[in-house]
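Now for the letters of each chain:
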Amino acid sequence: MPNVILRAENVYKKYGKLEVLKGISFQVKQGETTVIIGPSGTGKSTLLTCINQLTPPDKGHIWLEDTEITNPNTDINIIRSSIGMVFQHFNLFTHLSVLDNVRIGLLVVKKTPMKEATEISMGKLNEVGLGDKIDAYPAELSGGQQQRVSIARALAMNPKLILFDEPTSALDPELIGEVLNVMTKLAEIGMTMVVVSHEMGFARAVANDIIFMEKGVIVEEGKPDKMFNDSENPRTREFLHKITELYGGKTE
Amino acid sequence: MSFLMLALDIMPKLLEGAIVTIELTIIAIMIGIFIGIPVAMGRVYGNKPVYAICTFFVEIIRGTPLLTQLFILYFGLPSIGIMLSPFMAAMIGLGINSAAYQAEYFRGAIQSVKKEQLIAAYSIGMNQMQAIRHIILPQMFRLVIPSWSNELIYLLKYSSMAYMIQAPEIMSQGRLIASRNFRTFEVFIIVALIYLVLVSILSKILDMVENKFRIPGL
Ligand SMILES: Nc1ncnc2c1ncn2[C@@H]1O[C@H](COP(=O)(O)OP(=O)(O)OP(=O)(O)O)[C@@H](O)[C@H]1O
Ligand SMILES: [Mg+2]
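Taken in order, these protein sequences are the chains called A and B.
First residue of the first sequence: 811, per the numbering used here; consecutive thereafter.
First residue of the second sequence: 48, per the numbering used here; consecutive thereafter.
Pair by pair, the computed Cβ-Cβ distance ranges are:
id, chain 1, residue 1, chain 2, residue 2, range
1, B, Pro193, A, Asn883, 43 to 49 Å
2, B, Pro96, A, Glu875, 39 to 45 Å
3, B, Tyr98, A, Asn883, 28 to 34 Å
For lysine-lysine, the following DSS-like pairs were computed, each having C-alpha atoms within a straight-line distance of at most 27 Å:
id, chain 1, residue 1, chain 2, residue 2
4, A, Lys970, A, Lys995
5, A, Lys824, B, Lys161
6, A, Lys827, B, Lys162
7, A, Lys869, A, Lys824
8, B, Lys162, A, Lys921
9, A, Lys920, B, Lys162
10, A, Lys995, A, Lys943
Rather than coming from a laboratory, the hints here were simulated on the basis of the structure.
This one's a predicted model, so the numbers in the text were calculated from it and none came from an experiment.
Here a beta-carbon is modelled for each residue, glycine too, at the ideal position from N, C-alpha and C.
Work out the full structure: start from the sequences and follow the hints.
Structural data, given as structure tokens:
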């Protein structure tokens, strides 16, 4: 049995009066990919930011391996440096070159010596196919390239887990493939990932687990095969049907 | 004496004054940066008391005329036993005045750094100090350059107020010369031309600075 990397138990989050997460529990094992789907405004992004405490939950517990993230005594910066995050709009540091975007976490957070940090960063940039763009600035890159830089930035920190929040939904259709390919490769080499995405082709092919969330609760969770072919819940079926029509569900 | 002869004749004295003007401007802008940035940070990130103190400072300075501030420093302070030379008083007065304005420019620039930048910094494990130092401040500097350039040019011109407390800058020199040769009109035309040249050179330098720090692609 692979060990559990991420475990969330009964996570609640309110914004003022609006209850966004109403008791979310799930876990992700080492080397597995969990894809979270659900309608807009359901709390998917909020769940991801609860995991790395960018928006601390009101109630509930979250563990990264044996460390309780939600324990107030846990050094959250250390936790965050071992949980990568990839954003819908990339959020690259606009004033830094590609290389510096990837390297800065190593230099500033991990205090890695310059030479080693550069080597690691170059390695990750090569992995995402951008070894020839190290001197470019984010604004000079296409969306797909920017997103791959942001994946390299996450990888450079040698994370135990990477969170992806709709990594391809801000991209032109012809650029989605290059990002999904990188993510698929990561899954193959055993990276643990939690991915909010409506790319059903990717979910079918790569996910170990699919979670369908609606209105702040997990409606259904299961293997792609079960979710797509005989889900128990009519809402799941309805949503998957709609989303597959919208985004296409072919397995590449 | 022709205008040209007059110009040549009084130029050495005026240039002496121009050098004092430049010195005052540079020192004041430096004082302004060193006070202005912390004040701006206090207004954005500070807790209640820090915010209150920084806001109070900015409001007081921006709410009163520069000339009044200079008079308080030069003519007022001696009554509580603090004597400043005209140059010192002008330097401190212009510096503090500029600090309040610069604080507002820096604050605006800090606040226009996109919040996604900060979220990304936190998400790779930076603490607040690291994020401010490595992400917010470098972006702030680039954003602030245009309004900061204006401030520098204003400061160069407003330093003429120091004439009112006898600091030996270019206006004082002009006044002195005019009171001797009575050619007030020509003398101050020449003074104006010198200011014009200084402002043009400064603008050129600032354009170069802005270009040097421009982020490629943006
Ligand atoms: N900082 C915030 N303050 C107040 N309300 C918020 C905040 N962030 C999100 N919300 C609200 O919480 C709810 C859940 O938002 P969230 O972004 O987590 O949904 P989502 O499932 O990611 O949706 P989408 O698919 O549109 O990205 C929404 O109603 C949203 O308006
Ligand atoms: Mg979202």
